[in-house]
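S.K.: Residue numbers (this note's numbering), protein chains in the order written: chain C, 1 to 197; chain S, 1001 to 1197.
Worth flagging that the hints you see were computed from the coordinates, not collected in a lab. There may be inaccurate statements among the hints.
Okay, the calculated bits of chain C under chain S, using three or more residues with CB under 8 angstroms as the criterion [as the list claims (entries may be wrong)]: (1) 62–69; (2) 181–194.
Straight line, CA to CA, 27 angstroms or less: simulated DSS-like cross-link-like pairs of lysine-lysine [what the hints assert, rightly or not]: (3) C/Lys-60 - S/Lys-1060; (4) S/Lys-1196 - S/Lys-1154; (5) S/Lys-1196 - C/Lys-45.
Simulated DEER-style distance windows between Cβ atoms [to be verified]: (6) S/Glu-1189 - C/Gly-48: 50 to 60 angstroms; (7) S/Glu-1163 - C/Glu-155: 32 to 42 angstroms; (8) S/Gly-1178 - C/Pro-78: 47 to 57 angstroms; (9) C/Glu-120 - S/Asp-1126: 53 to 63 angstroms.
Yeah, the Cβ is synthetic: ideal placement off N, Cα and C, and Gly gets one too.
Here are the chains, one letter per residue:
2 protein chains.
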Amino acid sequence: MRTIEFWYEFASTYSYVTAMRIGRLAVAEGVPVRWRPFLLGPIFKELGWNDSPFNIYPAKGRYMWRDLERVCEDEGLPVRLPPVRFPQNGVKAARLALAGEHEGWTPAFTSAAFQANYAEQRDIFDDDTLSAILTGLDVDPDRAFAAANAPANKEALFAQVAEAKTRGIFGAPSFTVGDELFWGNDRLEAALAWAKA
Amino acid sequence: MRTIEFWYEFASTYSYVTAMRIGRLAVAEGVPVRWRPFLLGPIFKELGWNDSPFNIYPAKGRYMWRDLERVCEDEGLPVRLPPVRFPQNGVKAARLALAGEHEGWTPAFTSAAFQANYAEQRDIFDDDTLSAILTGLDVDPDRAFAAANAPANKEALFAQVAEAKTRGIFGAPSFTVGDELFWGNDRLEAALAWAKA
Chain C
1 MRTIEFWYEF ASTYSYVTAM RIGRLAVAEG VPVRWRPFLL GPIFKELGWN
51 DSPFNIYPAK GRYMWRDLER VCEDEGLPVR LPPVRFPQNG VKAARLALAG
101 EHEGWTPAFT SAAFQANYAE QRDIFDDDTL SAILTGLDVD PDRAFAAANA
151 PANKEALFAQ VAEAKTRGIF GAPSFTVGDE LFWGNDRLEA ALAWAKA
Chain S
1001 MRTIEFWYEF ASTYSYVTAM RIGRLAVAEG VPVRWRPFLL GPIFKELGWN
1051 DSPFNIYPAK GRYMWRDLER VCEDEGLPVR LPPVRFPQNG VKAARLALAG
1101 EHEGWTPAFT SAAFQANYAE QRDIFDDDTL SAILTGLDVD PDRAFAAANA
1151 PANKEALFAQ VAEAKTRGIF GAPSFTVGDE LFWGNDRLEA ALAWAKA
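Bound-form chain C, shown alone (with noise of 0.2 angstroms):
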């Protein structure tokens, strides 16, 4: 059984139906996640892009948050729409996902964090936004914040961005199994299937 890693950008919708299903499907199917926040920002800037193209080009926007709310219905998920701002500024979450990856809550604290920024217009850049999270999973917000911004763990997460350039990533959520790359939250099902192969 090989581990699917599932690479996610806290300003990305599609990654939050995924982080609200991945643990559940994972447990079913018994194969062990990886989760790996990083960074679209430096990806899309490479393609030219300094926002995100939901934004840039209107039709595909418009197609999106519309697809997103009937993909939340199928889903039973919470979703209120707009979110405080879109693309949202994902770099405090995403290193206080990577920071703690060590102790375990990770998983939690991704899906509380989705969660207030899709489903309760919550602003994730907001220092006491994430801290109440992090509270609410019984994590010390002081030291969660002092390994989130200490020097490594930021250079972690630049490297988290490298690797998953280097990997082949584009977008999010994105899942890796091996060297096999499946995109999107409609791939969720075909990795893990993958995994079990």
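For chain C, the structure is supplied; the task is to place chain S on it using the hints.
M.R.: Chain S in isolation, oriented as in the chain C frame:
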């Protein structure tokens, strides 16, 4: 029971997959399908693209070809890559497909042309290839080309593109059920469910 409109472009890789499965699925669900060939080129041009985004963004393109292979394997569909050229110029095939609507051979012609392009490395911008496909369907090529190239049919194809744009379509395959838009082969099932609801 509402009709599902299937918007496709002959250059579009995932439109191939849909063209080969929509008939079967729609019959199983009892949903009528209207096949609506159109052209993405004029729509992409307005977005600033003079080429397929899969060529403009190499990481996305590399991923797409691999994903297409996997999807075809899952669907039991033949695929032989790369096609003669990509993106293919689908205008001749689209004009024929549109001309065939009155006589009812649009679905069969469309599936055969997609298969020639993506499973047989034949050139569907070549008149001989298109003639052979028509002959295989017991359609007289001379008559079909005359209908396809009639000014009214060329205009009808432009009108089809204009309608696609008005309906918010920005890629292919797309599906409309009334005002509801679905994008991508992955949304075929959701679009059929919407038509039945």
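S.K.: If a hint holds in the structure, say so; if it does not, say that too.
M.R.: Results of checking the hints against the structure:
Counting residues of the stretch 62–69 of chain C whose C-beta lies closer than 8 angstroms to any C-beta of chain S gives 4; at least three are required, and the coverage claim holds. Residues of the stretch 181–194 of chain C with a Cβ under 8 angstroms from some Cβ of chain S number 7, which satisfies the need for three, so the listed coverage holds. This hinted pair checks out: C/Lys-60 and S/Lys-1060 have alpha carbons roughly 17 angstroms apart, not beyond 27 angstroms. Pair hint S/Lys-1196 plus S/Lys-1154 does not hold up; C-alpha atoms about 33 angstroms apart against a cutoff of 27 angstroms.
A hinted pair counts as satisfied when its Cα atoms are at most 27 angstroms apart, and S/Lys-1196 with C/Lys-45 does not qualify at roughly 42 angstroms. Between S/Glu-1189 and C/Gly-48 the C-beta distance comes to about 34 angstroms, which lies outside the given range of 50 to 60 angstroms. Distance hint check for S/Glu-1163 and C/Glu-155: the Cβ-Cβ separation is about 52 angstroms, which falls outside the suggested range of 32 to 42 angstroms. Take S/Gly-1178 and C/Pro-78: their Cβ atoms lie about 26 angstroms apart, and the range 47 to 57 angstroms is violated.
Separated by about 56 angstroms at the C-beta atoms, C/Glu-120 and S/Asp-1126 satisfy the suggested range of 53 to 63 angstroms.
Of the numbered hints listed earlier, those contradicted by the structure are 4, 5, 6, 7, 8.
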